[in-house]
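Enquirer: So the sequences go chain by chain: A and B.
The numbering of the first sequence is the working numbering, which starts it at 86 and goes up by one.
The numbering of the second sequence is the working numbering, which starts it at 4 and goes up by one.
In case anyone wonders, no lab produced these hints; they're calculated from the structure.
Glycine included, each C-beta is placed from N, C-alpha and C at the ideal position.
Please note that a few of the clues may not be correct.
Label-pair distances were calculated between CB atoms; the ranges are [said to hold, decoys possible]:
(1) Trp99(B) x Glu177(A): 51 to 57 Å
(2) Tyr400(A) x Asp329(B): 30 to 36 Å
(3) Pro165(A) x Ile67(B): 55 to 61 Å
(4) Tyr306(A) x Gly30(B): 35 to 41 Å
(5) Val71(B) x Lys213(A): 27 to 33 Å
(6) Val245(A) x Lys50(B): 27 to 33 Å
(7) Arg124(A) x Arg155(B): 49 to 55 Å
(8) Ile60(B) x Leu307(A): 42 to 48 Å
(9) Ala239(B) x Tyr306(A): 53 to 59 Å
Calculated lysine-lysine pairs in the DSSO-like style (CA-CA distance at most 27 Å, straight line) [as the list claims (entries may be wrong)]:
(10) Lys219(B) x Lys213(A)
(11) Lys313(A) x Lys213(A)
(12) Lys50(B) x Lys40(B)
(13) Lys148(B) x Lys219(B)
(14) Lys313(A) x Lys273(A)
(15) Lys173(A) x Lys189(B)
Covered stretches of chain A, as calculated for chain B (at least 3 residues, CB under 8 Å) [claimed, not checked]:
(16) 138 to 144
(17) 267 to 278
(18) 336 to 344
(19) 364 to 377
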Amino acid sequence: MARFIIRRLLWLIPTVIFVTFIVYCAVRIGWDPVASYLRANPRASDAKVQQYIEVNGLYEGFGGYVRGYFEWLWAFVQGPDHWPRSIKGSGEVYPTLRYSFFNTMRLAGTAAIIGIGVGLFFGVVAGKRPGGAVDGIVNTTAFFVGSVPPFVSAIILQLVFAVQLGWFSASGVYPAGHQGFDPWLMAKHMVLPVFVVAIQTIAGYTRYMRASLLDVSSADYLRTARAKGISERQVMRGHTFRNALIPIATVVAIDIGALIGGLIITENIFNYPGMGVFFIDAANDGDFPRLMPFLVIITVSVLIFNLLADLSYAYLDPRIRLD
Amino acid sequence: MTSLQPVHESSSFETFDELYEISEQEGLDVKTLTPSKLAWRRYWRHKGAAISTVIFIALLIMVIFAPVFARYGVNEAVFPISEGPNQFLSPRSIAWFGTDDIGRDIYSRLLYGIRTSIFIGVSAGLIAVTIGSIVGSIAGLRGGKLDDILMRVTDIFLAFPFLVLIIVVREFIGGLTFLEPVMGDKSSIRFIIFLFAIFGWMAVARLVRGQVLSLKEREFIEAARAVGASNSRIIASHLLPNSIGPILVALSLTIIAAIVGESTLAFFGFGPQPGTNSTSLGNLVLLSRSGATQGNWWLVVFPCGALVLLAICINFIGDGLRDAFDPKMDSGR
Chain A
86 MARFIIRRLL WLIPTVIFVT FIVYCAVRIG WDPVASYLRA NPRASDAKVQ QYIEVNGLYE
146 GFGGYVRGYF EWLWAFVQGP DHWPRSIKGS GEVYPTLRYS FFNTMRLAGT AAIIGIGVGL
206 FFGVVAGKRP GGAVDGIVNT TAFFVGSVPP FVSAIILQLV FAVQLGWFSA SGVYPAGHQG
266 FDPWLMAKHM VLPVFVVAIQ TIAGYTRYMR ASLLDVSSAD YLRTARAKGI SERQVMRGHT
326 FRNALIPIAT VVAIDIGALI GGLIITENIF NYPGMGVFFI DAANDGDFPR LMPFLVIITV
386 SVLIFNLLAD LSYAYLDPRI RLD
Chain B
4 MTSLQPVHES SSFETFDELY EISEQEGLDV KTLTPSKLAW RRYWRHKGAA ISTVIFIALL
64 IMVIFAPVFA RYGVNEAVFP ISEGPNQFLS PRSIAWFGTD DIGRDIYSRL LYGIRTSIFI
124 GVSAGLIAVT IGSIVGSIAG LRGGKLDDIL MRVTDIFLAF PFLVLIIVVR EFIGGLTFLE
184 PVMGDKSSIR FIIFLFAIFG WMAVARLVRG QVLSLKEREF IEAARAVGAS NSRIIASHLL
244 PNSIGPILVA LSLTIIAAIV GESTLAFFGF GPQPGTNSTS LGNLVLLSRS GATQGNWWLV
304 VFPCGALVLL AICINFIGDG LRDAFDPKMD SGR
């Protein structure tokens, strides 16, 4: 097991370099940084532009891209002090990114815990008696909820609870002009964004869990367990539920992308200063120095969670051989 | 469940013809049901799918003949601004679903918008399913390095947050100037169709590959190989026809992903530009953003409602197809 993990971790390094190189090329081609620079500084002299190209390694041609990438990578790994400054406003990227990252993590963590917990619960409730009335209601509701795009549920919640009823705030982490730390206000601002992401997650996990329970419900070891004479409750807790969780663990790790995707949409609608707003702003400005660190974080987390998915599968299911 | 031919226990029969004869003598109504007839029957027995199909067909007729059903032109104001303020009117008899920021009828625009969106979804879906089926079946049949690389790449690609990936890929492809004659302008409908086709094929390829992997060990493929059929013949006349169920389900999923995806992109300002014949649902959903904060509820309810209705219908149709082609799975609804 240890050797397997170490080998996969070592493989992660070239994969990250390869994928971030592709991301680098895509960003260079997609949002031409020199054009963005000229847009932000329309009166920059030719010498200034040339200097900007040199400093940031924005060379042309395939060789230029490779060279530029490694120059960028070297600056990137040296730490935030060496990162290029943003094109728009020429500010430091790291403080905003860090602030956005923690805002997003707070949302993502809460939404994931509520979403997965409640989803698994509903999945078990539905999957216990497949074909029953409860199953029908839960499953159909999950189907309908899962069909609603997240931005639609966000906008409807905003209209109803923030604008019409005024129960929750429609935007931000704190009301405008608020100073200092206040967990109660913060939580109040998190309710709607968390709810939007959580209902999507609940709908998804209800259906996964139900399907997984149905899958294991015909397994031989359940018949054996019942033959031993243990109660139905114990069979459910010790055998059915545990085995049904194996595929779910993998889904959790893979689903991280969907969770972040949902957050980007939700944050933008509720003006919540997280990674989603950071990304959309950077994309609109064509701001290469802001886009790259964001995309690196996304890439690395996707790759790590993919690895975790593989590992969890191997760890939870002893029949899978590691080589 | 499947309806079997009546079998009378006391009768003995050698062939099915004899069985029918015996059954008919005993006054039993004998109908032979082919697998496709059985699938058809299972499809219509799925309540959600049946209702959704009816709604979807009705909607299709309405949007195909949009000029007949619409009350105003796509860019026509309900009445000229010279006769008084016509913007942001709440629903009333002259504008059933209210009017937008420049006084256009939301109901009429919705019909045209759904038309464009269904066109985007179906075109992107068909392209994606074609490419995905071919690539997926080749990868599944030949295996080896190609298969490994393909699956690894699609795994990583599909794990990325959708919106981030699609915005990056959109800008990237838009930045490749040599592709412009094929893809069209970044904010055109054609570009959006190709963009979603590029995304959609991978999920289809993975699905078809899985299907091919389970089919390729079966006897009839072995038999085809034994009589000397080539790989392309096996794919075209054995593997793909036997994967038609999952492929149709994948088609429905790709269509809805493209429709919802287009709206989401438009919502964030990365969608197609409004213009003649290119008002899509995304352009209308975009209104709901300001509509929600200003309290103009009809700008939220109707465009978003149409999108959700479309999504639920197509999802149900996909679910019905899954049940129809795979009777082993429980319907649940």
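Enquirer: Between Trp99(B) and Glu177(A), does the C-beta distance stay in 51 to 57 Å?
Expert: About 53 Å separates the Cβ atoms of Trp99(B) and Glu177(A), which means 51 to 57 Å holds.
Enquirer: Given the proposed pairing of Lys173(A) with Lys189(B), does the C-alpha separation stay at or below 27 Å?
Expert: Holds, at about 23 Å.
Enquirer: Lys148(B) and Lys219(B): Cα distance at most 27 Å?
Expert: Answer holds: Lys148(B) to Lys219(B) is near 18 Å, not above 27 Å.
Enquirer: Mind checking the alpha carbons of Lys50(B) and Lys40(B) for me, to see if they're no more than 27 Å apart?
Expert: Given pair Lys50(B), Lys40(B) holds - Cα atoms ~17 Å apart, limit 27 Å.
Enquirer: Within a Cα-Cα threshold of 27 Å, do Lys219(B) and Lys213(A) meet the stated pairing?
Expert: violated, 35 Å
Enquirer: With a Cβ-Cβ cutoff of 8 Å, does the segment 364 to 377 of chain A contain at least three residues near chain B?
Expert: holds (count 4)
Enquirer: Do at least three Cβ atoms from the segment 336 to 344 of chain A come closer than 8 Å to Cβ atoms of chain B?
Expert: It holds: at least three residues are needed, and the segment 336 to 344 of chain A offers 4 whose Cβ sits within less than 8 Å of chain B.
Enquirer: With a cut-off of 8 Å between beta carbons, are at least three residues of the segment 267 to 278 of chain A near chain B?
Expert: It is violated: at least three residues are needed, and the segment 267 to 278 of chain A offers just 0 whose Cβ sits closer than 8 Å to chain B.
Enquirer: For the range 49 to 55 Å, tell me whether the beta carbons of Arg124(A) and Arg155(B) fit it or not.
Expert: violated, 38 Å
Enquirer: Within 55 to 61 Å or not, the Cβ separation of Pro165(A) and Ile67(B)?
Expert: Given a distance of about 56 Å, which is inside 55 to 61 Å, the answer is holds.
Enquirer: With 53 to 59 Å as the target window, see if Ala239(B) and Tyr306(A) comply at their CB atoms.
Expert: violated, 43 Å
Enquirer: For the range 42 to 48 Å, tell me whether the beta carbons of Ile60(B) and Leu307(A) fit it or not.
Expert: holds, 44 Å
Violation of the numbered hints given earlier is confined to hints 4, 5, 7, 9, 10, 14, 16 and 17; the remaining hints are satisfied by the structure.
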